[in-house]
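*Asks:* The primary structure of each chain is shown beneath.
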Amino acid sequence: MTWTRTRSAWAGVVVAALLVLLGAAFGRPDVAVLGAAPLVAAVWDWWRRPTTDVTVALEASDEPSEPGVLLADVVLTAPADAAGVLLRVRRRHREMSEVLVRVDGERRLPLSVLTVRTGPQDLAEVDALGIGPGAASASEPAVPASRSVLVLPATRPLDDVPLPPRLRGLTGAHESRRPGEGGSLRDVHPFTPGDRLRRIDWRVTARRAPDLHELYVRREHAQAEAVVMLVVDSRDDVGPDPATWRGSEPPDAADATSLDVARQSAASVAEAFLGRGDRVGLDDLAAMRRPLPAGGGRRQLDRIRQALAVTAPVGEPARRVRAPQLPSGALVVVFSTFLDDDAAAVAASWRRAGHRVVAVDVLPRVRTSQLNDRQRIALRIVTMSREDRLAGLADADVEVVQWRDAPAVALARLARRAQRRTGAGAR
Amino acid sequence: MSGSRPAEVVVETGRVVPTWVLRVAGVVLVTVMLLVAVGSGWRVGAWHVVVAVVVACAVMLRPWTGSVALAVGAAGVVLLMGGPASLLTVMALVLLAHTVLWVSSFAARASWSAGVEVAVLAGEVRGPVVVQVGAQVLAVVAVLVSGADVGASDAWRAFALIGAIGLVAAVVPRPR
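Protein chains in written order, with the numbering used here: chain A, 8 to 434; chain B, 271 to 446.
Just so you know, these hints were derived from the structure itself, not from any lab. Just to be clear, a hint being listed does not mean it is correct.
Facing chain A, from chain B, some residues (calculated, C-beta under 7 Å) [stated by the list, open to error]:
hint, residue
1, V360
2, W382
3, G385
4, E394
5, V401
Simulated coverage check for chain A against chain B, where a stretch passes if three residues somewhere in it have a Cβ under 8 Å from a Cβ of chain B [to be verified]:
hint, stretch
6, 42 to 51
7, 71 to 80
8, 92 to 103
9, 118 to 126
10, 222 to 233
Just so it is clear, CB atoms sit at the ideal spot from N, CA and C, and this is done for glycine as well.
Let's have the full structure, built from the sequences with the hints guiding it.
*Replies:* The following block contains the structure:
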């Protein structure tokens, strides 16, 4: 690798040499000696300049990371003669950090990145430049190091969630209306062939048939599970600033976009249902591929978080002719910004087909302080049509939840509403 | 407010000196160097101070261009025009000229918002100090050769300055 003398070092050498010559020419050793030290130091620094490469790499960190923090290690190697390495860290083409660090052979520097974004993203891009002794020489820039990561959506706890009108199966965490075992008392019934002897209620039998001409058994409700389909609308990925909605400039890196909110809300809802023993599946309105079928357990949550993380808007989404087919009796939770009619139309069609549908509005809280008059008018038009759309959903008996306004409270309210509903199959 | 946001990217390093501190130090050093050079031949006035500060700020604004070396050259020319200087003035100028160039070299490597690890400066300070010991001895010889009037007190001050720089050279950590 070539180490070249810096411009400031060249200027120092030239001026120092001129001072020496000037002092000699005018017979002034006091002037000549002024250039002596810089000249000697420059020659010495140039003579002991390094000759080998500076390298930089970005490696995964061994430290456990917290939610919202990405960790990595910057590994620098430099010749021992180098004064240091100038490290520049960029993220999304913006310079974030620049520091001249000492490197004796090899050094590992922990790097932490705060992010509110989820999904695939570049962790950082790191440049390195070797600085020679006395900062008088510099190496060629090392090959930049970068690292891509997939950030899984974090979850937030939800106390209670609504259930579908029909439960499935004979096992689960919820009590169904069918007779069976495991639930609370359904009724007391005369003994029939097939009833277990341990189900006989002797007190009731003694009261109703003291002569034991008939036996009575206690019957219980069966247990059942709910099937929930999460439907994410990944066609939109808009931030809080409406000026960026055109797509000409990206949303602020410090702002969570609607897709980040959708990923987090879907993961939270999935965790809440799976924690109760229900079955949860995932579909994407923008993708023409098979949905993630409903399943249960911890691994299903991992699958859903992974699928949510890789969900991203890709090109122009194909227009759906009809709503995707879902398991019968499933609760449908649609996560969308509802900035156009498609998601609302699909949600309404599912409701007409008999599903209980919850529409989760994932549009972030809009920031209007930086908008000009034209943008304000445009936003007002968009907001009015969006409000009409959400009102239409409510009219179609689709329950709407704003994720930006205490979603746990809103979902718990929906859960209580289902309990009060006449004929509701779930408790 | 964006100012209250935590840094998005943090690289954990040792103690760091901001580059702007190095540049401010460079401004102070260049100003003192120019005033010492002027003081060798003329009485320093207020406008000298103003000009020296303006020149120092100008050269340290873009240190990577080599403009700091021009300030050193200017100090040498002023010294040449002012006639033979005293021993202490020459020794001070030798020290300041070298220090200014050294500080500006590091300040020129990074932007205003960057930082320089203290370990980098500490590891590199030994070389200039060793060179400086020889330069100060040379300065004494040069003043004696040039026939300037060197009194006993000047000789003791020179001895003390060289001794102090030599002590610093002995104390600063050696590169491993």
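*Asks:* Evaluate each hint against the coordinates.
*Replies:* Here's how the hints hold up against the structure:
Among the interface hints, the one on B:V360 holds; its C-beta lies about 5 Å from the nearest C-beta in chain A, closer than the 7 Å criterion. A distance limit of 7 Å between C-beta atoms decides the matter here; for B:W382 the minimum to chain A is near 10 Å, and the interface restraint is violated. The beta carbon of B:G385 comes within 5 Å of a beta carbon in chain A, closer than 7 Å, and the hint placing it at the interface holds. Interface restraint check: B:E394 against chain A, minimum CB-CB distance 5 Å, threshold 7 Å, status holds.
Checking B:V401 against chain A: minimum C-beta separation of about 5 Å stays under 7 Å; hint holds. Coverage of the stretch 42 to 51 of chain A by chain B holds [criterion: at least 3 residues with CB-CB distance below 8 Å; count 7]. Counting residues of the stretch 71 to 80 of chain A whose beta carbon lies closer than 8 Å to any beta carbon of chain B gives 0, which falls short of the minimum of three for the stated coverage. Counting residues of the stretch 92 to 103 of chain A whose C-beta sits closer than 8 Å to any C-beta of chain B gives 5, which meets the bar of three, so the coverage hint holds.
With 5 residues having a Cβ less than 8 Å from any Cβ of chain B, the stretch 118 to 126 of chain A passes the three-residue criterion, so the hint holds. Under the rule that three or more residues need a Cβ within less than 8 Å of chain B, the assignment of the stretch 222 to 233 of chain A is violated, with 0 such residues.
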